[in-house]
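**Student:** Here is how the chains run, residue by residue.
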Amino acid sequence: MGLTGNLKEMAIPALGAWIYPTAKDWANRFVGGMGLPLGGVDLGALVVAVGAAYGMEKTRGNTRAFLAGLGIGAIAQIISGFASPSTLLGGSRSVQSAPTQVGPESEAQAYIASLG
Amino acid sequence: MPPVETTVVLTATIPAGLPANQKVVGELQLDPALGAQTQLQVPQTESWVIEDLYVSAEQGIDCIVELKKNLRDTIGRTAPINSLLISNPSRPRIKPVMLARGDILTVEVQNLTAGGESDTDITTYLKLVRFVR
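In order, the protein sequences belong to chains A and B. Just so you know, my numbering puts the end of the first sequence at 116, numbered straight through with nothing missing. Just so you know, my numbering puts the end of the second sequence at 249, numbered straight through with nothing missing.
Hints are computed from structural coordinates only; laboratory data are not their basis. As the structure is a prediction and not an experimental result, all values here were calculated from the model. Just so you know, even glycine gets a beta-carbon here, dropped at the ideal spot from N, CA and C. Wrong hints could be hidden among the right ones.
[Stated by the list, open to error] Label pairs and their in silico Cβ distance ranges:
#1 Ala76/A <-> Pro118/B: 33 to 43 Å
#2 Ala110/A <-> Leu187/B: 25 to 35 Å
#3 Leu115/A <-> Gln153/B: 22 to 32 Å
#4 Thr22/A <-> Leu187/B: 29 to 39 Å
#5 Arg29/A <-> Ile202/B: 54 to 64 Å
#6 Leu115/A <-> Met117/B: 11 to 21 Å
#7 Asn186/B <-> Thr22/A: 23 to 33 Å
#8 Gly5/A <-> Val141/B: 52 to 62 Å
#9 Asn137/B <-> Gly116/A: 31 to 41 Å
#10 Ser106/A <-> Ala195/B: 28 to 38 Å
[Stated by the list, open to error] Example chain B residues on the side facing chain A (calculated, C-beta under 8 Å, incomplete):
#11 Pro119
#12 Glu162
#13 Ser163
#14 Val165
#15 Glu167
#16 Pro212
#17 Met214
#18 Ala216
#19 Arg217
#20 Val245
#21 Phe247
#22 Val248
#23 Arg249
Could you put together the complete structure from these sequences and hints?
**Tutor:** If you want it as structure tokens, here you go:
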């Protein structure tokens with residue numbers, strides 16, 4: 001197999017992995033919760049992993065390679081979810097990463113208000 | 117981290133013979149090591165409040181200083197700077213303004229009288245309070 005073939009073999013799974021975050025967001029919308037934690041695992045990631053595994057069973061060739069990349073992305077996130085310290089402490093990754101309102105901007109606004 | 121109070125030196129040069137009420141771009145020096153710059157950008161981890169603008173001595177040409185955000189929005193305008201002597205506790209104050217992370221601060225200085233026979237340097241000071249994440 002030539003260089004072009006090797007690049008293609010790598011590119012298609014890479015495309016799947018690249019698409020993964022979007023697929024996960026759609027999966028989360030489908031199941032009705034953004035980043036719903038399930039013992040530290042993003043539910044969307046779980047849906048994508050199961051879907052990719054099921055799809056790989058049914059397909060061949062480029063589609064299968066694409067789904068493999070997608071599945072690897074999902075599995076990597078699931079593993080990182082299990083491995084995160086917040087999970088070990090019983091917390092939720094989604095909650096921990098939520099944006100917070102306390103920051104330099106709000107401090108600055110409070111300061112201006114205090115000047116009267 | 118507690119807020120950090122910083123003094124920014126604002127300088128401008130009114131060219132000789134410049135008619136009255138023209139605007140020149142001022143230079144801001146946040147830190148002597150950085151030198152004077154025509155723009156200051158708020159770091160991504162900070163927010164700034166400009167609380168006061170004053171002069172330490174009467175300037176050769178009286179001017180008005182205009183503070184601009186992101187190169188277009190005027191966020192503050194002073195009284196004539198010669199009324200802003202730091203020794204005058206009842207001097208007129210600017211309305212405090214906030215600059216969020218990533219905002220760009222520039223200043224324009226408007227001379228109220230025509231430039232003299234030689235260039236005139238103007239120096240004013242901004243009291244800046246930095247909120248650091």
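**Student:** The structure should be examined with respect to each hint, and the outcome stated for every one.
**Tutor:** Tested hints:
no.	hint	result
1	Ala76/A <-> Pro118/B: 33 to 43 Å	40 Å, holds
2	Ala110/A <-> Leu187/B: 25 to 35 Å	27 Å, holds
3	Leu115/A <-> Gln153/B: 22 to 32 Å	27 Å, holds
4	Thr22/A <-> Leu187/B: 29 to 39 Å	35 Å, holds
5	Arg29/A <-> Ile202/B: 54 to 64 Å	58 Å, holds
6	Leu115/A <-> Met117/B: 11 to 21 Å	20 Å, holds
7	Asn186/B <-> Thr22/A: 23 to 33 Å	32 Å, holds
8	Gly5/A <-> Val141/B: 52 to 62 Å	59 Å, holds
9	Asn137/B <-> Gly116/A: 31 to 41 Å	33 Å, holds
10	Ser106/A <-> Ala195/B: 28 to 38 Å	30 Å, holds
11	Pro119	7 Å, holds
12	Glu162	5 Å, holds
13	Ser163	4 Å, holds
14	Val165	5 Å, holds
15	Glu167	7 Å, holds
16	Pro212	5 Å, holds
17	Met214	5 Å, holds
18	Ala216	5 Å, holds
19	Arg217	7 Å, holds
20	Val245	6 Å, holds
21	Phe247	4 Å, holds
22	Val248	6 Å, holds
23	Arg249	5 Å, holds
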